[in-house]
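Trainee: Chains as they are written, first to last, in our numbering: chain A, 1 to 268; chain B, 269 to 539.
If you're looking for bench data, these hints aren't it; they were derived computationally from the structure.
Watch out, some of these pointers could steer you wrong.
[Stated by the list, open to error] Calculated lysine-lysine pairs in the DSS-like style (CA-CA distance at most 27 Å, straight line):
(1) A:Lys8 to B:Lys429
(2) A:Lys8 to A:Lys35
(3) A:Lys49 to A:Lys231
(4) A:Lys50 to A:Lys35
(5) A:Lys8 to B:Lys353
(6) A:Lys157 to B:Lys355
(7) B:Lys352 to B:Lys429
(8) B:Lys447 to B:Lys429
(9) B:Lys447 to A:Lys8
(10) A:Lys8 to A:Lys91
(11) A:Lys8 to B:Lys352
(12) A:Lys35 to A:Lys91
(13) B:Lys429 to B:Lys355
(14) A:Lys232 to A:Lys50
(15) B:Lys353 to B:Lys429
(16) A:Lys35 to B:Lys355
(17) A:Lys35 to A:Lys49
(18) B:Lys447 to A:Lys157
(19) A:Lys157 to A:Lys35
(20) B:Lys355 to A:Lys8
Remember, it's a predicted structure, so these values are computed and weren't measured experimentally.
Here are the chains, one letter per residue:
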Amino acid sequence: MKRHRLIKNSWVGAVMAFLYAPIVVLIVYSFNSSKSRALWTGFTLDWYKKLFTNEVILSSLMNTLIIALISTVFATIIGTLAAIGINAMRKWTQALILNITYMPIINPEIVTGVSLMLLFVFVRDRMGVPLEMGFVTMILAHITFSIPYVILNVLPKLRQMDKNIYDAALDLGCNPAMAYIKVVIPEAMPGIISGALMAFTFSLDDFIISYFVSGPNFTTLPITIYAMTRKKVSPEINALSTLLFLIVLVALVAYNVVDSRRENNKEY
Amino acid sequence: MKISRSTAMPYIIWMIIFTVIPLILVTYFAFTDGNGTFTMANISEVKDYVAVIFRSIWLAFVATVICLIIAYPLAYVVSRASEKKQKTYLLLVMLPMWMNFLLRTYAWMTLLENTGIINRLLVMIGIGPFAMINTQGAVVLGMVYNYLPFMILPLYSNMTKIENRLIEAAQDLGAPSRKVFSEVVWPLSLPGVMTGITMVFVPAVSTFIISRMLGGGSNMMIGDLIELQFLGNAYNPNLGAAISLGLMIFILLCMSMLNQFNEEDKEGMII
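Next comes chain A alone, as it looks inside the complex (with noise of 0.2 Å):
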């Protein structure tokens, strides 16, 4: 029995280890004072400091989050109310539905991508609009491939619940609208928050699909990354993700905290 556990932790172990090395590797080059990405030639604070004067990736951080914050607030309000509507039609209106909007999802990021990038190009070739490549298509795009897995998330909880909860708020005299502010809503409010940080998530990380609909005068961090790898990657970049990790790493946590605590109350 004692041998069976050394090998599962092992096992655990060795994994880990796979996962957090090049991750290691990038909170450590952010404290080297040599900018070559071999050489370790001693400790520095410098690339933090040089992070927040360093205007490109200042601003496509903070395109980055501007994109992430419309495109979350448009996709939970079409996706929820989308959600709302599907859960009240019938079988197969329903089934061909959630079947298109499967697609984003199966699709390979690329093709996805690429179709819009098709879109906007024709609409502003042929159709001769005036559509430039960057922040409005970028939103549009990122809208799209967030709605689905709002309603993903929304159409489970709006299932479970109970009808007669509605028809009891229009019995109490609520016409339908009041009654789902007032209860269905509340009701799937774990999913749409579930939804909405999904797709906010989704967003703040996509590259490919973002990487076909932009253009030169509009970039995400992601994109900014991408154009620096294939130069040379300033050790900033290393200095924003370390930051970015701890921050990230800090919500999990204190999230989770938080979970165990409030879940340790119930049971008393």
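Starting from the known structure of chain A, arrange chain B on it as the hints suggest.
Mentor: Showing chain B alone in chain A's frame:
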């Protein structure tokens, strides 16, 4: 209930404009030439790239198998751990995904280079250096690294549903551990395996970043080929659309084949 059904209207319009029409456009470009006249030339030109297509499928297949071999025991160990430990493990698996994948792949370049960290360590202990970067092995490594969590998470969420008493019952009835695995654990975990396979294979077969960063110029994949037709020097959106269409149909066929094994509700697919 009339009101509620119409709330889906904004989405349906959005879906038609941004999902349906773009896919129709891909098909349209695939079957026309630069002037918009019908042609089969693009489709038949895809044949010239058979080597690239087979390389992509092969490398993605190898990466998927390796992911499964690494992830399966890990997911099982995690799913049998105490609830508190499960949370910690899960956190540890998801955390790396929060670092931009381009940067993580770039870090692998640092590790694998001829003068990189691994080779230097190897030289120090007297073996090597080995040529690791710009090989197919490096591309597979990059895929395994980036998509491993996509295999671990569906396997784990499936395995937590396998109850301990089923395993104990099999043991009590005298099944040796190999039998317990092949008759109880493996069949029950199949839906998770199928989801994991698709979640790794689909992005792996269509990647263009990993092959470019870790594979050098000589290990081109389908994704690189498509990217070159749209944003690269080889600018030819009609051929690019034809390859994309082929890739999409191939993926959809694979998915429907895998779904034959997987009778579970579709909603569980993503989570």
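Trainee: Hint by hint, say whether it matches the structure.
Mentor: Checked hints:
no., hint, verdict
1, A:Lys8 to B:Lys429, "holds (20 Å)"
2, A:Lys8 to A:Lys35, "violated (40 Å)"
3, A:Lys49 to A:Lys231, "holds (22 Å)"
4, A:Lys50 to A:Lys35, "holds (13 Å)"
5, A:Lys8 to B:Lys353, "holds (14 Å)"
6, A:Lys157 to B:Lys355, "holds (23 Å)"
7, B:Lys352 to B:Lys429, "holds (17 Å)"
8, B:Lys447 to B:Lys429, "holds (20 Å)"
9, B:Lys447 to A:Lys8, "holds (20 Å)"
10, A:Lys8 to A:Lys91, "violated (47 Å)"
11, A:Lys8 to B:Lys352, "holds (17 Å)"
12, A:Lys35 to A:Lys91, "violated (60 Å)"
13, B:Lys429 to B:Lys355, "holds (16 Å)"
14, A:Lys232 to A:Lys50, "holds (16 Å)"
15, B:Lys353 to B:Lys429, "holds (17 Å)"
16, A:Lys35 to B:Lys355, "violated (38 Å)"
17, A:Lys35 to A:Lys49, "holds (14 Å)"
18, B:Lys447 to A:Lys157, "violated (39 Å)"
19, A:Lys157 to A:Lys35, "violated (51 Å)"
20, B:Lys355 to A:Lys8, "holds (17 Å)"
In summary, the numbered hints that this structure violates are 2, 10, 12, 16, 18, 19.
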